[in-house]
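Participant: Let the hints inform the model, and build the full structure from the sequences given.
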Amino acid sequence: MRDIDRALLLLVAPPALVLTALPARSVEYLSTEQAQRALFADASRFEPVPITLSEADRAALAKVSGTRTPLPLDRIWRAMRDDQLLGHLIVDEVYGKHEFITYAAAIDANGAVLGIEIMDYRETHGGQVREAGWREQFRGKRSGDALELDEDIVNISGATMSCKHVTEGVRRLLALYDIALKGR
Amino acid sequence: MLRRARPLLGTFVEVAVSAKTREMEWQAAIAAFEAVAQVHRLMSFHEPDSDVTRINRCAHTRPVEVDARTYAVLGRARLLSRESSGVFDCSVGDRLMALGVLPRVAGLRADRAATWRDVTLLPGNQVRFRRRLTLDLGGIAKGFAVDQAIETLAQRGATAACVNAGGDLRVFGDCDWPIALRRPDAPGEFVSLPPLRNRALATTADTFAPHGAIVHPASGQPLRSPRSVSVLAPTCMDADALTKVVWLEEHLPVSLLEKMDAHAIVLGPAPALSESAAAHCAAG
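For the record, the sequence lines run as chains A and B.
Counting from 647, one number per residue, gives the positions in the first sequence under this note's numbering.
Counting from 5, one number per residue, gives the positions in the second sequence under this note's numbering.
Calculated directly from the structure, the hints in this document are not laboratory data.
Keep in mind that the hints are not guaranteed to be accurate.
Examples of chain A residues toward chain B, derived with CB under 7 Å [stated by the list, open to error]:
{"no.": "1", "residue": "Y675"}
{"no.": "2", "residue": "V710"}
{"no.": "3", "residue": "G757"}
{"no.": "4", "residue": "V759"}
{"no.": "5", "residue": "L760"}
{"no.": "6", "residue": "I762"}
{"no.": "7", "residue": "G804"}
On the chain B side, residues computed to face chain A include the following (Cβ under 7 Å) [what the hints assert, rightly or not]:
{"no.": "8", "residue": "Y75"}
{"no.": "9", "residue": "G128"}
{"no.": "10", "residue": "L227"}
Every residue, glycine too, gets a C-beta built ideally from N, C-alpha and C.
Facilitator: This is the structure:
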């Protein structure tokens, strides 16, 4: 038993936990402006690109991806350096069984993905969401703020959350690019 | 402090960094993400040009030169395999493919008798297989990617940093980082741990893997468990790999953990380490 004590910190049955149980998780990473800067550091300005889609376009996009969130038609920008088009930036949202994610995707002038930044990440686990207390730690904080480490956002270790919903979302954005943004 | 997250390594990689100036933080974070992306390109199981794919295709016929980073991970994997008497074994790629844990890669075959001992490391970063096998570094490369990101941040002048790749994390700097573990029985809830300083923490659990993700090299079968196994170690590569050993071992590998300056944390129904693991072994 003494051997085990040396290497094992704790071995506990969850109902008997004496440690603090924290509710669901939420992190805000970047504002839209910060995401623009993170993905197009060389851009001098971002121009909104208004697009409208026909019913046929929408049907085609629905076929490409199972992503069910509304299309981000009012969150598309052209990244410009002076008069040169660097690419497009789109802010989109996806959700899975457990997570709700806002992300920004950068697509270069040739239609290839330049990069993806997570802007906002929220986990929801069915009826277990008790966000009030958990969200307290983020109140009023943006990612640029200086934080006291001992009051900082808790870092989570645990089973891996897959990023497949973001991958599916990006697939839809690339299809949207082909239909409505290419050459604009 | 700057916090950013990108989808990499099939999960979300989060970088938190403090430096003297905001510009240094941005530049350090960019370099850290690039370091992680490079590890992905080198060690991915299904990228057609990765080192892992190249050795899986050719190393049974001739020595294959790999990147120094891949070679370093293979060397550490070999040491951990030896120290764990083969419980940690990266040669189970074929069984992970058969179970659907890894995507099928056409043209890969494996000798069922092959083990980690058939991976030979030759001078000049060259790798040769004695038997044909399918190597998967999924049990160790994520931790290595975190280590590479932390080293990159330190080189770029970070005063404090945390890199978290889907739950495998490492912290750096003269400060305490608040840490919590996801509960395996209630994945939306978390358990606070004592704060972490200049150390790594990795966790293995089945929570989001419907068919089990950790295969026992002896049985070739996944060992399911309602537990989560976390390991604290000096590097995230060791922590990542040691979670698999603790997960699969019938008894806590105390001397191995001590040798690696590591500690294990097991969350789940007690007694978790001997009886239930043994029952799963028998069932598998």
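Participant: Take the hints in turn and mark each one as holding or not.
Facilitator: Here's how the hints hold up against the structure:
1. Annotation: interface hint on A/Y675 holds; nearest CB of chain B at approximately 5 Å, less than 7 Å.
2. With a least beta-carbon distance of about 19 Å to chain B, the hint placing A/V710 at the interface is violated under the 7 Å criterion.
3. At a threshold of 7 Å, the smallest CB-CB gap from A/G757 to chain B is about 19 Å, leaving the interface hint violated.
4. The beta carbon of A/V759 comes no nearer than 11 Å to any beta carbon in chain B, farther than 7 Å, and the hint placing it at the interface is violated.
5. A cut of 7 Å between beta carbons decides the hint on A/L760: the least distance to chain B is about 12 Å, and the hint is violated.
6. For A/I762, the interface hint holds, since its Cβ comes within 7 Å of a Cβ in chain B; the closest pair sits about 6 Å apart.
7. The interface hint given for A/G804 holds, since its Cβ lies 3 Å from the closest Cβ of chain B, which is under the 7 Å cut-off.
8. Here the hint on B/Y75 is broken, as its CB sits about 26 Å from the closest CB of chain A, past 7 Å.
9. Taken as an interface hint, B/G128 does not check out: its beta carbon lies about 35 Å from the nearest beta carbon of chain A, beyond 7 Å.
10. Interface hint at B/L227: violated, since its Cβ lies 15 Å from the closest Cβ of chain A, which is beyond the 7 Å cut-off.
This entry does not satisfy hints 2, 3, 4, 5, 8, 9 and 10, going by the numbered hints stated previously.
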